[in-house]
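Read top to bottom, the protein sequences are chains A and B.
Note that the numbering used here has the first sequence beginning at 1, numbered continuously upward.
Note that the numbering used here has the second sequence beginning at 1, numbered continuously upward.
Treat the hints with care, as some may be off.
[Claimed, not checked] The calculated DSBU-like cross-link candidates involving lysine-lysine, where the alpha carbons are at most 35 Å apart (straight line), are:
id, chain 1, residue 1, chain 2, residue 2
1, B, Lys250, B, Lys185
2, B, Lys243, B, Lys185
3, B, Lys156, B, Lys250
4, B, Lys215, B, Lys236
5, B, Lys15, B, Lys67
6, B, Lys142, A, Lys240
7, B, Lys236, B, Lys250
8, B, Lys5, B, Lys227
9, B, Lys185, B, Lys67
10, A, Lys332, B, Lys142
11, B, Lys218, B, Lys243
12, B, Lys15, B, Lys54
13, B, Lys215, B, Lys142
14, B, Lys122, B, Lys156
15, A, Lys240, B, Lys54
16, B, Lys5, B, Lys236
17, B, Lys250, B, Lys218
18, A, Lys240, B, Lys243
19, B, Lys75, A, Lys240
20, A, Lys240, B, Lys5
21, B, Lys227, A, Lys240
22, B, Lys156, B, Lys15
23, B, Lys156, A, Lys240
24, B, Lys156, B, Lys236
[Unchecked claim] Pair ranges (Cβ atoms, derived):
id, chain 1, residue 1, chain 2, residue 2, range
25, B, Ala175, A, Tyr15, 40 to 46 Å
26, A, Leu152, B, Ile8, 22 to 28 Å
27, B, Lys122, A, Ile168, 58 to 64 Å
No lab work stands behind these hints: they were computed from the structure.
Even for Gly, the Cβ is constructed at its ideal location relative to N, Cα and C.
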Amino acid sequence: MSSGGLYKNRKLPQYLLAVGIALLLILAAVSLSLGSGSVGFSQLLDYILLRPLNPTEILIIEQLRFPRVIMGMLAGASLALAGAGMQSLFRNPLADPSITGVSAGAALGAVLAISIFSMSAFALQAGAIACGLAAAAAVCMLGRSNGKMSALSTLLAGIAINAFCGAIVGYCMYSVRDAGLKGFVFWTLGSLDRCDWTDVISTALLCIPSWTVLLACAGALNVMLLGREQAYHTGINTTKIWIATTIAASVTTAACVAVCGTIGFVGLIVPHIMRMVSTPDNRILLPLSAVGGAALMTIADIATRIASPDDPIPIGVVTALIGAPVFITLLKGKRSLRDD
Amino acid sequence: MISLKNIIFAYGSRKILEDVSISASDGEFIAVLGANGAGKSTLLRIASGALRAKSGIVEINGLDVAKTAPRNLAKFRAVLEQESALDFDYTALETVLLGRYAHNMFPQNSPEDISLAEDCLKRVGMCGAENRLYTQLSGGEKQRIQLARALCQIGKNPRGKILMLDEPSASLDPAHAHAAMRAAKDLCERGAAVISILHDPNLAAAYATKIALLKDSKILSFDTPEKSLTETLLGKTYNAPCKIFDIGGKKIIYFPEL
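Chain A extracted, bound-state conformation (with noise of 0.2 Å):
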């Protein structure tokens, strides 16, 4: 935790994004020729200079790998920025839209949507929206003590929502028996299997907004790592920078769960390594974050596909398998869990 706050070198950061966005582009590459199917690099580079291929191989490469890519990417750099938000806004390296339950809570509205409502897109994004700002509500107002947030309250607070919200997916899915299971398991694991370009773009229309909403308050956020009176004191309207952050990190989050279901740990751990190799500036951070998000999943992605290409495993069961040592490591490094 050592060589965060580069100063002397502010270049540093600007080189990185750019290092990062050349890596995504090539992850891409490498995981849009990668699955079932015929289609490889070759084919893939045929397609993007326009030369001729068979109409099973458009149908793959446009139908399949793109939404499949450009999903995971969306749900990486909305995980990434939504826990670099909410690590800033609760002084907490340790918050997450997994650990403080929104995931969840996200989880269990778009099971609900499809046990009361239909299989739309709309109503699972609707239905995860409503019950992931619920969920980042109680979490909130169970997290405070003495008017302050704790971060031993806010993790406490996350652990129970989690509990009862898979609870109730998990009854869910009992009372469903055998005929829709696996439309069920897909949720608590995590799966990019089932996106298409629907899922994508609804998703996308949800996320970009967010996305602004959290990089527009990315200067004040570094301000609210000191504490929510010295953030007033030093000119934060704290209560506006409260509800934007906690509702743009919950509907991106919500809105990327109802599609490819709760992914674990990507929002803890990408923000925490960026903070490591730049800064705790907001400013470049939850950029790099992003970035950093959609690298992650594409990684794991592809691991998901390599392992086991005809039927991938989930990409929640990869990124939980990276990420909960990395939490372990982080919560007997951090110093104390004190009550701030």
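Put chain B on the given structure of chain A with help from the hints.
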């Protein structure tokens, strides 16, 4: 210029402030003294706008604090709180630059801001600490960085601005306590008003132009150091017998054991 008129505040039925009025004009240094729990910090939080009084009015440069946007207020009022917890790895200079938020919201901090921040670090005796990580500083060093942040918020031209300090010397050694008070006094001399809670009446005697004594939620005295800092009034304020010695024209305030 800041004025608090007839401030009343209570937590439930527990009265914290009863009809308190104080003011500070440009160039004045007001020290607020009082026993633990007398309501000093509450008074400062109401003055800064962070806490709303039950009744009474706080005006800074003619603006009602309760009705002014935080950002507009922060352009001419800076506050050093008693404790500032910052758990993320900002450097000292980045921490000081946070004080510029109200003046310069989103763009990368300008060269002028950076040279101002470096100057503020110099004024609190933290020259050369620019790139040290805040989380690795000692308690006293953190306190001085936070003071530098407040000075940075006040900016180059302190005329007509207000600096509020909540026990700025609490975790400082005697030399650095004087340096901190000197930095605040310097702002006064350049036209700012300072309100500072102090626990050492000797520091108040050395730097303040006016002293407010708070006793049991009320103002016991709000006057010049000569009139406020007497054995009787200080004895009453702290509920302890007080002796004042005159050594070479300087008042030394002493509380002998009971």
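Within a Cα-Cα threshold of 35 Å, do Lys236(B) and Lys250(B) meet the stated pairing? Holds, at roughly 22 Å.
Is the hinted pair Lys215(B) and Lys142(B) satisfied, with a Cα-Cα distance of at most 35 Å? Satisfied, since the Cα-Cα distance of roughly 31 Å is no more than 35 Å.
Straight-line alpha-carbon gap Lys75(B) to Lys240(A), limit 35 Å: holds (19 Å)
Just to be careful, I want the Cα atoms of Lys250(B) and Lys218(B) compared with a cutoff of 35 Å; is the pair within it? holds (29 Å)
Sort out whether Lys243(B) lies within 35 Å of Lys218(B), counting only the CA atoms. At roughly 23 Å apart (the allowed maximum being 35 Å), Lys243(B) and Lys218(B) satisfy the hint.
Could you grab the alpha-carbon distance between Lys240(A) and Lys5(B) and see if it respects the 35 Å cut-off? At roughly 29 Å apart (the allowed maximum being 35 Å), Lys5(B) and Lys240(A) satisfy the hint.
Hey, Lys15(B) versus Lys54(B), does the alpha-carbon distance stay inside 35 Å? Within the cut-off at roughly 11 Å; holds.
Pairwise hint evaluation, Lys156(B) against Lys122(B), where the allowed Cα distance is 35 Å at most: Satisfied, since the Cα-Cα distance of roughly 14 Å is no more than 35 Å.
Does the alpha-carbon distance linking Lys240(A) and Lys243(B) stay inside the 35 Å limit? violated (51 Å)
Would the hint linking Lys156(B) and Lys240(A) be met if the CA-CA limit is 35 Å? holds (29 Å)
Using the Cβ atoms, figure out if Ala175(B) sits within 40 to 46 Å of Tyr15(A). Because 43 Å falls inside the window, the suggested range holds.
Does Lys156(B) pair with Lys250(B) here, judged by a C-alpha cut-off of 35 Å? Holds, at about 32 Å.
Checked against the numbered hints above, the structure breaks hints 18, 21, 22, 24, 26 and satisfies the rest.
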